[in-house]
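Chemist: With the hints as your guide, set chain B onto chain A.
Chains as they are written, first to last, in my numbering: chain A, 152 to 385; chain B, 1199 to 1690.
It cannot be assumed that every hint is accurate.
What the hints assert, rightly or not - With a straight-line cut-off of 35 Å between C-alpha atoms, the simulated DSBU-like cross-links for lysine-lysine are:
(1) B:K1679 - A:K164
(2) A:K215 - B:K1668
(3) B:K1293 - A:K304
(4) A:K164 - B:K1366
(5) B:K1679 - A:K304
(6) B:K1368 - A:K259
(7) A:K289 - B:K1680
(8) B:K1212 - A:K367
(9) A:K289 - B:K1681
(10) A:K282 - B:K1368
(11) B:K1667 - A:K215
(12) A:K289 - B:K1668
(13) A:K164 - B:K1212
(14) A:K362 - B:K1683
(15) B:K1545 - A:K281
(16) A:K289 - B:K1293
(17) B:K1680 - A:K164
(18) B:K1366 - A:K289
(19) B:K1690 - A:K215
(20) A:K362 - B:K1680
(21) B:K1293 - A:K221
(22) A:K367 - B:K1398
(23) A:K282 - B:K1668
(24) B:K1690 - A:K281
(25) B:K1681 - A:K362
Hint data in this document are derived by calculation from the structure and do not stem from the laboratory.
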Amino acid sequence: MSHMIRVENLSKKYAGQLVLDVPELQIPAGQRFGLVGNNGAGKTTLFSLILDLIEASSGSVFSKEIDVQKSEAWKPYTAAFIDESYLIGYLTVEEYYAFLANLRGVTKEEIESWTQGFESFFNGEVLNQKKYLRNFSKGNQKKAGIVGALIGKPDLVVLDEPFSNLDPTTQIRLKNLIREEAEKHGTTFLISSHDLTHVTEVCDRIVLLEKGVIVKDIETTPETLKELESYFSN
Amino acid sequence: MKSFSLLDSFSLTKKNFFRAPQWELKLAVRILMGFLILYFLTAFLFLGIGGFYLLTKENPESDPILLINPLLGLYFIVDIVVRYFFQSIPVTEVKPLLILPISKKEIVNGVLWRSLISFFNVIPVVTLLPFCIVFSVEKGLNASVWIWFLGLVCLSLSSNYFSFLINKSKRTALVFLALFLIGYGLHKFSNVSVLDLFGKGLNQLYLELYWILIPIVLLYFSISLTKTYLRKQLFLDKGLSKKKEQIVGGNLNFFDRWEGMGFFLKNDIRLIIRNIRARQVVLTGVFFLFYGLFFFTQELYLDKPFVLVFAGIFITGGFMITFGQYVPAWDSEYYSFLMCQNLPYRKYLKSKLYLMMFSVVVCSILSLPYLFFGFNVMQVIWAAGIFNFGFGSMITLFSGVYNTTPMKLNIKAKAFENTQNFSLIQMVFILPKLVLPVLVFYLPFAFFGFNAGLVGLVITGLLGLLFQKKLLSLIENTYQKKKYKTLSSFNK
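Just chain A, same shape as in the assembly (with noise of 0.2 Å):
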């Protein structure tokens, strides 16, 4: 099986101190892959050496093979969304979703008949709203951020925390996004939550981190979840 990431000795130091210690991690191409984690247990840490945003101590991200800190190969077929600054506030919806179909690859025509099709997750405060995203609601700009990292059909769609801020309806809805999405296109998902629920019944597979540490992996049963509250209520 083709590998999507591969990690490979790495490890984060802030000011001396081990943040993240991941000595080995395989994500296959094609899966749900959920992290789950208290807060400052390393997630965003995780996301942001596979993103290449910050720099590792030690060790390497190979994003299908490629060296995220030696090529830029990578970013052709990676999208992400992982807090409001992943977007433009002074654009509109439709401004930035232009701007981002023109980065990778798509035509003004497709982009538009193709963001149609969310008006339903979009719950009609999206599209044609005439303001700029720096003005819209805190869910609102998760809405529009999250449809944004799905621009191209990338392979690769990294989301810090998608549920939260959203209201239930648009929480099961993100849910049915993300798995027609994985199983139309083959994307690659990893998703980071709180939400223990969420995270169990949208993904195939549970990485718990802490302490910058992985102490589970596991595939998702139906036990997952059971599993995974008495962990966290230790």
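Modeler: Here is chain B on its own, set in the frame of chain A:
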């Protein structure tokens, strides 16, 4: 209800400062700024003291105050305009206070008091106080001078509150604009000059003491107007809400013709027109277009071609320098996003470089009216333009890499705080940006004359173009090397 004192208000401001990220750096900048402000204050202090002697020496017959009064009308107009652009009053900071047991009256008073601590309110006092003291010493203690002083302080403080209102409420802004236009119209089309009237009013105040009532009433009026206004705005859906913004620059399809780059140019133009901070910086660039008037109108400089080069660099490169030195800081709010998009560094850099070069072309065309000062001047400006086009743009782009302080796009910079991105390295880069062109002109000029100087500038510019690819790679590598550092400071 526990009273919320002025002291509490200060203490919040203090904590806000010391607990901000990178406050050490900010403190250093503040100290530097402190010296600058101190310098200005001393300058104004001496203006106040020296002003008296200067005026009495030049016009021993007349009363210096009567000489100053006619000028003050213009001063107050400039005062209000400058305050409008540079004085900001911290209204949104009161949001967390709303749900605490502090009465709204106290919150409003806190804001009003705090707005007094401003450079603009100190200037008149620092200038006028020594002037009046010297006046009293030289001419004997005299109540009318001090009444005059009090009157001017009241007027200056009214200007403080009115400019605040103009900033916040469109209606007040329109009223002031209308007043200004009426005044201008009267001045232009009739014999009535509002400025003269204002000066005469001040003379009256100086001669007949009861006129002091007018400025006092005006100040009282401005304060109570501001109070009522603020009191009404202290709701989340009123003054504390985010402003509803109209979409501007929605249709820039013109740029789509430019395959590849058009898209980035479109975005940068939107960045400029839709963000307060960006507009401010670009306005400074536009101001530089007029910089030449300062030099060319003086015979003294017209004979010294290398001074003209200096002016030419600013005229054609004003926007380039003001905008370019903040690349990539302009994109700091979403830099991580850009860094994981399918956007190679080179393309990103090129788009910024082209925007700068484009601006040089536009400024060079707009500089055409300088032809009025002679063909020589025009030649120097255009030669400087070519230098900027090819070489200056590169240097500016390169200098930006070292600028890793994040930029808050939609927040107005305060006066003397335009330094949020100030650094020593930026100072160092002034050399190649401003001194190098002068040298490149001056050396050939000294040996072979005027035309050789022009050729020196043009050749340097063309060399920049010739080696554009190489230089871009160099800049690209520097960007790559500094990527993580830049990211981490932008994300603070």
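Chemist: What are the numbers of the hints the structure violates, in ascending order?
Modeler: 3, 4, 6, 8, 12, 21, 22 and 23
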